[in-house]
Amino acid sequence: MERKFQCPSCGAGNIVTNPGILMKICDYCKTAIYWDKDSALRVGSKSMDLPQSPRFKTGGVGKLQGRIFKILGRLTYEHESGFWHEWFIEFDDGSLKWLTEDEGELFIETPIKVKQELPLFDKLRPGMQFQLGNNTGIVEELGEARVIGGEGQIPRDVEIGETYSYVDGTSTDGKHSFGLEYDSSGAPEVFWGRIVNLKNAKAKSFNKDAPESKYGETIHCANCGKPYEGRLLGSTKSVTCASCGSILELSEAQTKVIGSNSGAAPPFTFEIGTPLIFNKIQYEVMGRMLYDQLDEGLHYFSREYILYSPSAGYRRLVEENGHFLLGGVGHVAFTPPMKPKKKQRVKIGDKTYKWFESGKVELVWVEGALPWRAGIGETTRFTHLINPPEFVEYEITGTEAELFKGRYVEPQEMSVAAPKFTTLPQPCGIHSAQPYTPSKWLKGLWKIALVFIVVNSALGLYTCAVNNPRTLVTEHVTADNYKNEYLSKLFRIEKPGILRIFGSAPVYNSWLALSFALVDSDDKVVSETDGELSFYSGRDSEGNWSEGSKNFSTEFLVKKPGDYKLLIYGIGGSGDKAGPARDEAADITLQSGVSLAWYFWIPIVFAIILALLQPIKKMLFESKRWG
Amino acid sequence: MSRLFKVLVFGFLTTATIFAFGGALYGWFLPQPLAKPVSIREGSAHPTRMGHGLYFFGRTHYGGGYAGGK
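Just so you know, the protein sequences line up as chains A and B, in that order. So the first sequence is numbered by our numbering: it starts at 141 and just counts up by one. So the second sequence is numbered by our numbering: it starts at 3 and just counts up by one.
No lab work stands behind these hints, which were simulated from the structure alone. We put the CB at the ideal spot given by N, CA and C, even for glycine. Heads up, some of the hints might be wrong.
Beta-carbon label-pair distances, calculated as ranges [to be verified]: (1) I748/A to S41/B: 27 to 33 Å; (2) W741/A to S41/B: 36 to 42 Å; (3) S41/B to T729/A: 23 to 29 Å; (4) I756/A to S41/B: 54 to 60 Å.
List of simulated lysine-lysine pairs, PhoX-like, C-alpha gap at most 25 Å [said to hold, decoys possible]: (5) K705/A to K38/B; (6) K623/A to K664/A; (7) K587/A to K8/B; (8) K38/B to K699/A; (9) K210/A to K237/A.
Generate the whole structure from the sequences, applying the supplied hints.
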């Protein structure tokens, strides 16, 4: 049902289409017009010239998750670090919502009534959690905001120029958003809604021909007076003067100097305006910053590029030691651990991250157009968590807590993302969020190794199973015997194969070298082998020591079955010089049917080493990451 | 190149397995029987009149690493 009335200020005709409207900004003179129950019109303040939105326009239509809506009006708020728009929209089914647009993000919200008492504004801090209806809310940002103006039809009675205390935040699962607006009574008005995926929000009213400057005219530096010729978006809240380095806050209808870069400009890899393509979306570098982290007397610098795409909004590209990270704002519950330990697991959303580090960075250089008010010297406390290639960075700057989620960008992807002929820095060291890239050479090697481990284990077991040693002869040989060569008793070898000789002698700081010959029935030696026993022990400055053994075993081959004897010869010695023989007697045992299963350990050990190359390489990589 | 490397690894492990099999069951790497059997009475470097002590007796290389003392 349309309602027509004349503006009490300028007399121009205005139309209100929704019965729930309590306020209308005159389409012509921008004066706020209110009416009460008796429909008596009241004139308020004039709206200021408002920054344009890159997405929406009052009177336009849009589409959100398949539902068409019409934009009836908006309010624009200014706060410490910029401004945000609240678009009042009506869906095709008549339902009314608030669509908040802040730093390129969208939140669709409706006012709700909450039964329980909410915390007072003064009691809230960034990151704090509190009960909000049936949900838990997490404070992301709080501060003072001023209504600088509006457009069209508004279902609230809001005074232009009025200041509110506000709190913004999300639910613990990061799917919902909320806003609290505290008035002078101390009781907040609660807005509850959800975070909108930008891909699901389209507005047909976006006017590509509209001037991108908020003011439709050239911006001049408030310090040097030179015109700002860089890029500007409706969401731009601060720019840097290319001439004098002053950082200008774009508020209302004038620019204000809020800081200045000093010293020589630091080197950056990307210029402002550079196009970069990630995930098939083209972004443009809108701004760039240099942060300084002072840690144990050392300065660690990181460069940050603010990227913008009309379809995907803002992203941050961080450059550290030649490594790049791409991230954006995430709305997920996170409470930093009180006393974190390296690698401490922290669940954020549905993923588990490991705590890497916490610290403080200082903004030391700013250039370009940023969607917030960036002040030189402002410090940010951060907590960095990783689940390579993903990372989470929780930052608290002033009264704002923000969580950024993102991923490591591989150098190969970065070279594709950047324009041709861009010289990218060489990554230095290993970055915290850098994923381990398996070596191509070693990839899949474990499968080959596993096959050989299994085959050789099976063959080894088979060899053990067929190993059936049988004692052929046992002799106790005295020194007199072996010194003059000793022939054992006759024994029979049934089939060719491996023979093993076991020997033992009570050597102590002495040695005994024995030689063996297998003698056939024709008194001919067909095979030879030898064995040695030596055992030494003593005491030195490091304590007691011993080496050698009082036992030995040796194997040799026989190829013909038959009757044989074992010829044994030995010599000995003692002491640490060429001492006299101690003439120890030796016990000798000869076995047949021997097999040597331990040979299979050789390929098994090689296979295990090959299988472990990749894990070892990864372990070294991780050790560098955390070292 | 990585494929060739894997082929070489496969070949190396196959060879090692074959050698292990031959060594374990057929004693490929053990002292082999003498090509020409030697009579214990003809093999000595220093024949004596004794009944034994004819084959090894007189060899000088026995005693391993401790032959000259510890």
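Hint-by-hint comparison with the structure:
Separation of I748/A from S41/B is about 49 Å and departs from the stated range, judged on CB atoms against 27 to 33 Å. As the Cβ distance of W741/A to S41/B is approximately 40 Å, the hint placing it in 36 to 42 Å holds. Look at S41/B against T729/A: about 26 Å separates their beta carbons, and that is inside 23 to 29 Å. Here the CB-CB span from I756/A to S41/B is close to 57 Å, well matched to the stated 54 to 60 Å.
Of the pairs offered as hints, the one joining K705/A and K38/B holds, with about 18 Å between alpha carbons and a cut-off of 25 Å not exceeded. For a cut-off of 25 Å, the pair hint linking K623/A to K664/A stands: about 20 Å separates their Cα positions. Annotation: proposed proximity of K587/A to K8/B holds, straight-line Cα distance about 11 Å (limit 25 Å). A hinted pair counts as satisfied when its Cα atoms are at most 25 Å apart, and K38/B with K699/A qualifies at roughly 13 Å.
Of the pairs offered as hints, the one joining K210/A and K237/A holds, with about 10 Å between alpha carbons and a cut-off of 25 Å not exceeded.
The structure does not agree with numbered hint 1 stated previously, though it agrees with all others.
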